[in-house]
Amino acid sequence: GQGAAALAAGGIIPTPATVAQRPGGTYKRAMQYKTILFDLDGTLLDTEKLYRRFWVEAARQMGYPMEDRHALMVRSMAAERAEPLLRREVCEDFDYHAVRALRRQIMEAYIDENGVEAKAGLLPMLRELKQMGLRIGLATATPEARARKYLRMVGAEAAFDAVACAEMVAHGKPAPDVYLLAAQKLELPPRVLLGVEDSPSGVQSAHAAGMMVAMVPDQDQPSAEIAALCALVAPSLAGIAPFVKESLRRL
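The number in this note's numbering is simply the position in the sequence shown, starting from 1, with 6 added.
Keep in mind the hints are simulated off the structure, nothing from the lab. Here a beta-carbon is modelled for each residue, glycine too, at the ideal position from N, C-alpha and C. Take these hints with a grain of salt, some might be off.
Simulated DEER-style distance windows between Cβ atoms [what the hints assert, rightly or not]:
#	residue 1	residue 2	range
1	Arg197	Gln67	39 to 47 Å
2	Gln225	Tyr39	27 to 35 Å
3	Met68	Glu119	19 to 27 Å
4	Gln137	Ala107	36 to 44 Å
5	Lys155	Gln225	31 to 39 Å
Taking lysine-lysine pairs in the BS3-like style, the calculated list, with each CA pair at most 25 Å apart, reads [to be verified]:
#	residue 1	residue 2
6	Lys125	Lys136
7	Lys40	Lys125
8	Lys40	Lys191
9	Lys40	Lys251
10	Lys136	Lys55
Please take these sequences and the hints and turn them into a complete structure.
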């Protein structure tokens, strides 16, 4: 329809899993409760580049030969998965928890001095979603106090109706726990929610929770396998509100 044509014209990459094409119409009513969940780092805030930088800086300060590609491997990944991966890929005596603690310390010092950047179009998108009557939740690996601090820094905290963080659940992304908790806080079944993510781990998390997923890739483009889990792959946050509008029109 015209809405789909407009989405395509806006530079949005249609995937094999668009809402209209979902087998059996699994997600046909995904937007019926007008609720959307966002990841934070890399999706709403331009902070993934800081994680990449400071993971490497912290590791090298401690004498480990970590490279940028290693930091990219573990973005948005729970410690239980990231630790063995880095021991395998960097060196077998890699002290994940010590390096992570130093990374947090030097990254927080940097942010306290320099602030955080919102992703392009964040505030206009939030305003438009609110004007459409949507409730908005957060599902993030970042601890709650820090997540709220970052959202305040960019003037976005008030837009969120619920916040779910990995520290509140047993398993972080790519496990579905944080998205399931967000759905529980909003008192809605996951299947009626849309999750918006930037990373492969995040997409797998939202999909495993049973949600429709939209992806706005940040540090690299998704593989065919990851793109196939998404109803939408958009180049920026500007693609989200038109997609939601079209999804609501289909109801």
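Evaluation of the provided hints:
1. As the Cβ distance of Arg197 to Gln67 is approximately 45 Å, the hint placing it in 39 to 47 Å holds.
2. The hinted range of 27 to 35 Å is satisfied by Gln225 and Tyr39, whose Cβ atoms lie roughly 31 Å apart.
3. Taking 19 to 27 Å as the suggested C-beta distance range, the pair Met68 and Glu119 conforms, at roughly 22 Å.
4. Distance hint check: the CB atoms of Gln137 and Ala107 are about 42 Å apart, consistent with the given range 36 to 44 Å.
5. Remark: the range hint 31 to 39 Å for Lys155 to Gln225 is contradicted by a beta-carbon distance near 23 Å.
6. At most 25 Å may separate the alpha-carbon atoms for a hinted pair to count; Lys125 and Lys136 meet this at roughly 18 Å.
7. The hinted pair formed by Lys40 and Lys125 meets the criterion: a straight-line CA distance of about 23 Å does not exceed 25 Å.
8. Using a Cα cut-off of 25 Å, the hinted pair Lys40 and Lys191 holds, with the two alpha carbons roughly 15 Å apart.
9. With a CA separation close to 10 Å, the supplied pair Lys40 and Lys251 stays within the 25 Å bound.
10. At roughly 28 Å between alpha-carbon atoms, Lys136 and Lys55 are farther apart than 25 Å, so this suggested pair is violated.
The structure fails hints 5 and 10 (numbered hints given earlier, in ascending order).
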